[in-house]
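FYI, the numbering for the sequence shown is 4 to 680, going by the working numbering.
If you are wondering where the hints come from, they were derived from the structure by calculation, not from laboratory data. All figures in this text were calculated on a predicted structure; none of them were measured in a lab. Glycine is no exception: its CB is placed at the ideal position from the N, C-alpha and C atoms. Be aware that one or more of the hints could be misleading.
Said to hold, decoys possible - No more than 27 Å apart at the CA atoms, straight line, and that leaves these computed lysine-lysine pairs for DSSO-like:
| no. | residue 1 | residue 2 |
| --- | --- | --- |
| 1 | K49 | K253 |
| 2 | K547 | K637 |
| 3 | K480 | K443 |
| 4 | K23 | K253 |
| 5 | K637 | K611 |
| 6 | K84 | K296 |
| 7 | K509 | K362 |
| 8 | K324 | K380 |
| 9 | K324 | K309 |
| 10 | K305 | K253 |
| 11 | K324 | K660 |
| 12 | K660 | K531 |
| 13 | K374 | K358 |
| 14 | K300 | K669 |
| 15 | K8 | K23 |
| 16 | K341 | K296 |
| 17 | K637 | K669 |
| 18 | K300 | K660 |
| 19 | K311 | K35 |
| 20 | K253 | K84 |
| 21 | K23 | K440 |
| 22 | K637 | K615 |
| 23 | K305 | K358 |
| 24 | K660 | K672 |
| 25 | K660 | K615 |
| 26 | K305 | K362 |
| 27 | K547 | K676 |
| 28 | K305 | K206 |
| 29 | K440 | K35 |
| 30 | K547 | K575 |
| 31 | K311 | K362 |
Unchecked claim - Here are the in silico distance ranges between beta carbons for each label pair:
| no. | residue 1 | residue 2 | range |
| --- | --- | --- | --- |
| 32 | N335 | L583 | 45 to 51 Å |
| 33 | P597 | D431 | 19 to 25 Å |
| 34 | E576 | K35 | 19 to 25 Å |
| 35 | K49 | R214 | 17 to 23 Å |
| 36 | E381 | F603 | 18 to 24 Å |
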Amino acid sequence: MAPLKSANSTTSCSLLEPVKLMASQESLCDIKPLTIPEYFRECCQKFQDYPALSIETNDLEDEKNTWRTVTYGEYERHVEKAALALLYLGVGQRTSVSVLANNCPEWFYIQLGALRINAVVSGIYTTNSAEAVYHVLSTSNTSVVVVDDSLQLAKVREIRARLPNLRAVVQLFGPFDFKETEQCDGYYRWHDLLELNFNNEQKAELLLRERNVAPNECALLVYTSGTVGLPKGVMASHDAILFCLQVLLKSQRNLQHCKESTISYLPLSHIAAQFFDVFMSMGLGANVYFGDKNALKGTLGKTLVKAKPSWFFGVPRVFEKLNEQILQMEANLSNMEKSIRTTARTVMMQYHLDKMAGKPSSYLRYWWASKFTGRIKESLGLERIKLCMTASAPLSLELKHFFLGLDLPITEVFGLSETCGAVLYNFDLTNLETCGKPLKGIEVKLLNANEQGDGELCIRGRCNLMGYVNEPEKTEKAISRDGWFLTGDMASIDHDGNVYINGRLKEIIITAGGENIPPIYIENIIKKELPCISNALVVGDRRKYLTVLLTFKTEIHPTTGYPLDNLLPETKEWLEQLDLHYTQLSDLLGVKLPENLIEFDACSVEVKLEEKVQQALKQGIARYNQQAISNAQKVQYFTVLPHDFTFATEELGPTLKTRRNIIIEKYAKLIDKMYVY
């Protein structure tokens, strides 16, 4: 077991400086501090012959896609090869290796190889601009950057002259696009590096480097964006990641060693993907199937059907899309088949709700309903699911009920980059509105709670970040002297210790009258009252009243991720109740969209809705207003936008989170029109 390095503080903003562990003696006895290379080696030895990583490959001979699988024993050898290749490239101790690539086994090999040679790993979103890539490479002191293909290589070429510490650029896949690149020093293909023969001296250097890694040093830099300014580099230590992981594995009851599988599809630059895909799978000896680069644009469904995972983590929008997919599949069924499925889902949902409430539940009714819900799960590739989790934003109660009706209870969890993974879990599922209780060894409290019991959620424990790299002032502001991390989330805690997240402090709308308003609560009710609506974004910061932007539910192109003109069944059904039979959004709105939506100015077109539609939307808003907590929380006006929010059109981020500031800026002219009354 690697010893801790001497440290003066529980926080650090330097990759060279270790930290004191924020840990009780009991916590240290329960979970021994380890380095990630130590833990990885233990797992590989324990699960040596079991499948670890599976990726779909195209077999040119029979033109079929097949899965290529790597065992844990092979996984360990690939990581050693990657570590030696990075040593060959001159990666220094406590410098960074950055990865600008889509999810793939090579990312795992490079990350774990870099950690073996006492380097730090930082991930970069493939959607980042060249300047955003420069920010990560410069602040992380990157000595080697690994890129996916020539498209990502071009971004690095553009900024390389400004990065004196960058020793090498490695391209994973495809040929170089620029002939001169092959003649330039410092550009390599990954395939060529793997063909090198490494000598005993280099292997000895690898072992020396590995012995110098300490649990209380930085392992990962996770760049997390704030509402203003450039992304901050969260320093996650070896100990923080493995502490969260090991406590979780001791706490959960559903998953077993060597019998599980999952899908890696969320960007690995995100802490959730790192925690659940890289580390949780390692700890369980599970098999990770890789989604393709278009997973979040629409191909995830195909991978689910092929991989049949036993646990699955998804942000709320992923579950919204699965819900839409099911309703779309059912749209073509006969009325009798629809009725049977609806009844089965209702029976299944009630079975779970009764169990949660401690009421008697009929297994016979469950058995009958499962005959129908089982087919639905099988069509989605979810028939083996033992644990479904969501985080990053509240999942509506309506959606939770829908998935209960499929015998798929969704566990709400809470975590941030700064907590190095999820730290609150609703494993008990006795209450669908909470994200649960903290893992053992982690403390929570509320700061500046108001009369309603809402305050800023603060977290303390070995899970917390070391600090923000090169940002001492921001670190000091985020972590109190006695070790509490201020999350920036408004929360309440009930008498059983369950935590309820009520919104981001920075997302709270403060009206011109000084009222504090949580927009997500309002948006979820509006979407419930108007099932035709995919997005409702409430506006009103420093304004006299609230307004809302609405988008109708449409199909999304599975490859490009662009919103399509075809209305989804829920929208068509809603319109049919008004005796309207539109199937295309352009006809409904009276707006024809161009093929290229990136350069399209949505404020330049005028949406023209039929009076029936306009009135029905007004009535939906009015129904929300009847439920509003105060007059200040009532929505006065709405505007329908000409297309749905998508990642491709930049209203959603890489993990499909709503980008509020960007949306408000993009649709500013339409918003301003709602404030001229």
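Hint check:
1. For the given pair, K49 sits about 17 Å from K253 by alpha-carbon distance, which is consistent with the 27 Å threshold.
2. For the suggested pair K547 and K637, the alpha carbons sit about 11 Å apart, so the restraint of at most 27 Å is met.
3. For a cut-off of 27 Å, the pair hint linking K480 to K443 stands: about 26 Å separates their Cα positions.
4. Under the criterion of a C-alpha separation no larger than 27 Å, the hint pairing K23 with K253 is consistent with the structure, at around 24 Å.
5. For the suggested pair K637 and K611, the alpha carbons sit about 24 Å apart, so the restraint of at most 27 Å is met.
6. Simply put, K84 and K296 have alpha-carbon atoms about 25 Å apart, close enough for the 27 Å limit, and the pair holds.
7. A distance of roughly 40 Å separates the Cα atoms of K509 and K362; the hinted pair therefore is violated under the 27 Å criterion.
8. For the hint linking K324 to K380, the alpha-carbon distance of about 14 Å falls within 27 Å, and the restraint holds.
9. Taken as a hint, the K324 and K309 pair is honoured in the structure, with Cα atoms around 18 Å apart against an allowance of 27 Å.
10. Straight-line distance between C-alpha atoms of K305 and K253 comes to about 32 Å, which puts the hinted pair past the 27 Å bound.
11. In summary, the hint linking K324 to K660 is supported, as the alpha carbons are separated by about 13 Å, within the 27 Å threshold.
12. Between K660 and K531, the direct Cα distance comes to roughly 19 Å. Compliance with the 27 Å bound is thereby established for this hinted pair.
13. Using a Cα cut-off of 27 Å, the hinted pair K374 and K358 holds, with the two alpha carbons roughly 19 Å apart.
14. At roughly 21 Å between alpha-carbon atoms, K300 and K669 fall within 27 Å of each other, so this suggested pair holds.
15. Between K8 and K23, the direct Cα distance comes to roughly 9 Å. Compliance with the 27 Å bound is thereby established for this hinted pair.
16. For the given pair, K341 sits about 34 Å from K296 by alpha-carbon distance, which is inconsistent with the 27 Å threshold.
17. Distance restraint check for K637 and K669: the Cα-Cα separation of roughly 24 Å lies within the 27 Å cut-off, and the hinted pair is therefore satisfied.
18. This hinted pair checks out: K300 and K660 have alpha carbons roughly 13 Å apart, not beyond 27 Å.
19. A hinted pair counts as satisfied when its Cα atoms are at most 27 Å apart, and K311 with K35 does not qualify at roughly 34 Å.
20. This hinted pair does not check out: K253 and K84 have alpha carbons roughly 32 Å apart, beyond 27 Å.
21. A threshold of 27 Å between alpha carbons decides the hint, and for K23 with K440 the separation of about 26 Å falls inside it, so the pair holds.
22. With a CA separation close to 22 Å, the supplied pair K637 and K615 stays within the 27 Å bound.
23. Restraint check: the Cα-Cα separation between K305 and K358 comes to about 33 Å, which exceeds 27 Å; the hinted pair is violated.
24. Between K660 and K672 the CA atoms are separated by roughly 23 Å; this keeps the pair inside 27 Å, and the hint holds.
25. Restraint check: the Cα-Cα separation between K660 and K615 comes to about 32 Å, which exceeds 27 Å; the hinted pair is violated.
26. Pair hint K305 plus K362 does not hold up; C-alpha atoms about 38 Å apart against a cutoff of 27 Å.
27. As the CA atoms of K547 and K676 are separated by approximately 14 Å, the hinted pair is consistent with the 27 Å bound.
28. About 41 Å separates the Cα atoms of K305 and K206, which puts this hinted pair outside 27 Å; it is violated.
29. The hinted pair formed by K440 and K35 meets the criterion: a straight-line CA distance of about 23 Å does not exceed 27 Å.
30. Annotation: proposed proximity of K547 to K575 is violated, straight-line Cα distance about 35 Å (limit 27 Å).
31. Between K311 and K362 the CA atoms are separated by roughly 32 Å; this puts the pair beyond 27 Å, and the hint is violated.
32. Separated by about 20 Å at the C-beta atoms, N335 and L583 break the suggested range of 45 to 51 Å.
33. Separated by about 50 Å at the C-beta atoms, P597 and D431 break the suggested range of 19 to 25 Å.
34. At roughly 56 Å, the beta carbons of E576 and K35 sit outside the given window of 19 to 25 Å.
35. Between K49 and R214 the beta carbons are some 22 Å apart, a value that agrees with the proposed interval 17 to 23 Å.
36. A C-beta distance of roughly 40 Å is found between E381 and F603, which places it outside the suggested range of 18 to 24 Å.
Checked against the numbered hints above, the structure violates hints 7, 10, 16, 19, 20, 23, 25, 26, 28, 30, 31, 32, 33, 34 and 36; every other hint is satisfied.
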